[in-house]
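Given chain A's structure and the hints, the job is docking chains B and C onto it.
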Amino acid sequence: MEAIEGIKNLSYALDTFYFLITGALVMWMAAGFAMLEAGLVRSKNTAEILTKNIVLFAIAGIMYMVVGYDIMYGTVSGSGYFPAIDLSFMFGGDHDVDTVLGQSYKDMYDGGTYYSKMSDFFFQMVFVATAMSIVSGAVAERMKLWAFMVFAVVMTSFIYPVQGFWNWGGGFLKEMGFSDFAGSGTVHLCGAAAALAGVLLLGARKGKYGPNGEVRAIPGANLPMATLGTFILWLGWFGFNGGSELVLSNVGEANAVAAVFVNTNMAAAGGVIAGISAARLMFGKADLTMALNGALAGLVAITAGPLDPTPLGATVIGAIGGLLVVFAITILDRKLKIDDPVGAISVHGVVGIWGLMIVPYYTEAATLGNQAIGMAVIFGWTFGASLVTWGIIKMVMGIRVSEEEEYEGVDIGECGLEAYPEFTNK
Amino acid sequence: MEAIEGIKNLSYALDTFYFLITGALVMWMAAGFAMLEAGLVRSKNTAEILTKNIVLFAIAGIMYMVVGYDIMYGTVSGSGYFPAIDLSFMFGGDHDVDTVLGQSYKDMYDGGTYYSKMSDFFFQMVFVATAMSIVSGAVAERMKLWAFMVFAVVMTSFIYPVQGFWNWGGGFLKEMGFSDFAGSGTVHLCGAAAALAGVLLLGARKGKYGPNGEVRAIPGANLPMATLGTFILWLGWFGFNGGSELVLSNVGEANAVAAVFVNTNMAAAGGVIAGISAARLMFGKADLTMALNGALAGLVAITAGPLDPTPLGATVIGAIGGLLVVFAITILDRKLKIDDPVGAISVHGVVGIWGLMIVPYYTEAATLGNQAIGMAVIFGWTFGASLVTWGIIKMVMGIRVSEEEEYEGVDIGECGLEAYPEFTNK
Amino acid sequence: MEAIEGIKNLSYALDTFYFLITGALVMWMAAGFAMLEAGLVRSKNTAEILTKNIVLFAIAGIMYMVVGYDIMYGTVSGSGYFPAIDLSFMFGGDHDVDTVLGQSYKDMYDGGTYYSKMSDFFFQMVFVATAMSIVSGAVAERMKLWAFMVFAVVMTSFIYPVQGFWNWGGGFLKEMGFSDFAGSGTVHLCGAAAALAGVLLLGARKGKYGPNGEVRAIPGANLPMATLGTFILWLGWFGFNGGSELVLSNVGEANAVAAVFVNTNMAAAGGVIAGISAARLMFGKADLTMALNGALAGLVAITAGPLDPTPLGATVIGAIGGLLVVFAITILDRKLKIDDPVGAISVHGVVGIWGLMIVPYYTEAATLGNQAIGMAVIFGWTFGASLVTWGIIKMVMGIRVSEEEEYEGVDIGECGLEAYPEFTNK
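Here the protein sequences line up with chains A, B and C, keeping their order. So the first sequence is numbered by our numbering: it starts at 131 and just counts up by one. So the second sequence is numbered by our numbering: it starts at 131 and just counts up by one. So the third sequence is numbered by our numbering: it starts at 131 and just counts up by one.
Isolated chain A (complex conformation) (with noise of 0.2 Å):
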């Protein structure tokens, strides 16, 4: 008896510290998009990406703490479309925040696992801030920084937490029979279609599509930073995918995580492999930040099912990743003119789509069918509130900055300083 209590303390605690830890490395991945899109934007512009993706990262947080937790995981409605908010918690006197970021056990399976659901909150708010991050590399070099500040906290709050609740919170997409393990539509796609719409209404850098129709590249200032974000984000990953499977404490589940890891790295592997390679043949050079890209890619693809490949099937879902990406970035920037400066609708969003469409292939209860609603409805509802909310605060404050900050650089205008006040020779 004595034992059983013991084991059953030890499982709680196993379970989460797992969740804490994979839940830091989810938290990294927000200085790997920081260095991510700090290394692809002029240098003119860096300090004002850096702004963003760190004031972000704390919106997310505290707007996911007072709302957006709720929404997606609260107690859920009977419609199955909306579960009902309760932010008592906010206007108790007594510290009552405890009562729903609490530390009551939540039963796992079997009602024999269980673990903190403080620990349950990190994980999940770190998701929310990676879905943010998507965002901002897309709107770079143009985009007021207080408009952007404003769509963080509807999109953080309310617009990512909505979609989420209808898969992870039990919702009718998680009913229907919906299969996105890690979030390669419940966050990446999310977050890519969110910053579609903004680019939509943004528009295309200066400078960046001449007037005759011919397409100008604006290579990124500082490309060791963008390889280290990368392989932030790599080493995050396995957090992002291996948290996911939520337990860890049998054999069963361990095994189950082990593979996650594996399999999430081996996608990355094949993604870079087909990046440099399509790059090679395409461009006649082996362009690095196709390698970067290839590797997100990779990345963003297995998330929707990482457990279930075997680790070549995940090299060669990643690969297929890596090349599609090649494929997006060229005809976003060269056909459809969508200026994306760091490629992340193409990474997050077509390879997103990409990772939803094969989970059928090895996760039997997947069909296709249930992966394209899905996958419709949170490109649809996140685009359309996106567009919404963007239009909105486009009408209020204006999304874009003057001709002349832009020319001299969002730094000065928005932050008043340089990211690099003693280098550039420009």
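Heads up, a few of these hints could be off.
Identical copies carry no separate label here, and so any pair may be met within one copy or between two of them.
[Stated by the list, open to error] Cut-off 30 Å, straight-line C-alpha distance, at most; resulting in silico cross-link-like pairs (BS3-like, lysine-lysine): (1) K415 / K338; (2) K524 / K467; (3) K524 / K415; (4) K415 / K467; (5) K138 / K247; (6) K338 / K524; (7) K415 / K336; (8) K338 / K465; (9) K524 / K465; (10) K336 / K467; (11) K336 / K465; (12) K467 / K338.
Note that these hints are calculated values from the structure, not bench results.
This is chains B and C only, laid out in the frame that chain A set:
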């Protein structure tokens, strides 16, 4: 019976692993300080500050091993002011450092939980390095490299461990009821006090204050690096605060560790929002460096008591820290003319005091009086002992580089190389 | 009975988690090597070295999956020289990679502890990448990108796994009594031997050695990046050595892992102090790069035997490594005129040998003779096989870029872009 043995083994292993992983995260903070400081100085002084940061981490580990750990956690002397220092393990022939840093069990509570003493040493050792890292930023761009190293030896072997013993080692502050969970006082205020003593003896950088009292801003050369450093510190702080619970292996402790992770994150988030908002209101621009300092201030503020507040409360504690740091930096820089290139005294000192004084609001056992005494003792001891130490070093070898060397940059003078030989346009 | 089952489940889960987290730390070393090497080359060759680093990590994972792991840990053949290679899982239709990389238990000791085989594969896979990362630095700034990639394929699928089998896979070195805990020989000397073979066939960079025998220093373009890389490697090494204990889940093993963490840190600290002091004495300046190389040398030195020394002993082992590396770099660079831009051969090769040869001092079961044989076998095999491989690649496609490309920088030539398009003043 056999089961109980197995459970004890697993508890011991899990708590040891928890210590090692959180300790590794704290070690990672050394990289964070190095990047933060390297980003906030001018390019001509960058290699030198990097050298100081990596060497101080090495010195901290070695000095804490040979004497500091023994002072801080050795046998408590009768007086409760200093423990009996026992250096015998250094001189015995037969590897008997193991007697001190060995693998004996350490009884934690109820005689039921243990962890490796070596993992405890590892965790404590990286804390000393953190305190010393705080100093390097404040004295940047003008202090002699080897003078700094000598101070690092004294600080990590003696000044820090003595006041650490008074609190965590079981000395009179602990007995009195002083409450400082992970070291807003014992680590951060301590580091800031040592830095302040150094800065006062050292004086401001050439050109910082004009002949007619004007204050010149000296911008940092590489803000992406500084931002990376801040993210690293944020991540590492989950280990710093999260590991300071010391035990993880049952439901209550796991819940506590999870709460500490969440509160640490929320305080940093609150600090970012407060810092960037204050900068916007005061200077009219979203100054990135104030977002970074706000994050660090939030983290320092919550460090004295990250367990008891609600997440909302932690956000507020961090936000007030973020406000305080913007005012403190402005006052030190413009009114008091204390030249602290990275704002370390404000972040770790002023906000460290705020962190200590807010503890009684959430923690019943703490009182304002005891917190004030603890604060005064830590500051008084560290400032006094540091002033004497810096003073002796100044007399014996000097602490400030020559005017020519300062103008040319300490990288060439002290390290014989440049941090960015191909980049600078000055 | 039920309790024993629970304990077995928890042990399995904890040991698997320990493997995955330490493996993730080793994966992080790939970022460390990338940053270190990117910081130590000139800006015109930076994007290319970043490309090599991320692509080699992808190649290492894929090749080790499809053949390397099987060579290294497959069924041992009768001879004890080569295992029977079994590639059947590659060609079976039914995802049966799981048969090899699957989720079967692996009996560890006493039949009592198990962990996921997939986690073992994950941990071993990142080691291969480490060995290969060593090579990229030594051949930097002049080797063709695709020639390097071809070598990476051979190295990670064949050269490394064969000698890895001889030691850790249960081959003749293991049977003989060769002792190399985490791979001063099997990983670091192996990488250095492959690098040396490449450098000898490749020759020095243009301009490195003048017509009258003068030696020109070629400073690295970004020392903060190199310092960051060193800190990343230091952190990752806790996984590299700490995970190599392979099991954590009881008191004895937890103590061992903790001792390994502490000794790893102390050796690095000793290396820093020795490196910076030697630089000060020899060159008159506190050369930052020697502090970095000292840290890495300390880490390489302790890797062969991080368990048995006392912390003080580990400090000394690391310090001697730090001294050795300063001399070795100077001798290779100035006397032997072997052009190794980042000092990889000295750090991983010369100091790797030192690490192997000091093992018998602390580890009773090891003998100087066995260590010397193991060292000679690893070096001989890897150097010979690499020389043949490099030679064939040289004949077939060439290994060195054209003189024009080398002058212009390999970034433009190989990758079609610049790492810092806005910064360089040359």
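Evaluation of the provided hints:
1. K415 / K338: both (22 Å within a copy, 27 Å between copies)
2. K524 / K467: within (21 Å within a copy, 43 Å between copies)
3. K524 / K415: between (40 Å within a copy, 20 Å between copies)
4. K415 / K467: within (23 Å within a copy, 32 Å between copies)
5. K138 / K247: Classified as both: same-chain Cα gap 16 Å, cross-chain 25 Å, threshold 30 Å.
6. K338 / K524: Classified as within; 22 Å inside a copy, 42 Å across copies.
7. K415 / K336: This pair counts as both: shortest intra-copy Cα distance 27 Å, inter-copy 23 Å.
8. K338 / K465: within (13 Å within a copy, 46 Å between copies)
9. K524 / K465: within (26 Å within a copy, 41 Å between copies)
10. K336 / K467: So K336 and K467 pass the 30 Å test inside one copy only (13 Å; across, 43 Å).
11. K336 / K465: Only inside one copy: K336 and K465 sit 17 Å apart there, 43 Å across copies, limit 30 Å.
12. K467 / K338: within (9 Å within a copy, 46 Å between copies)
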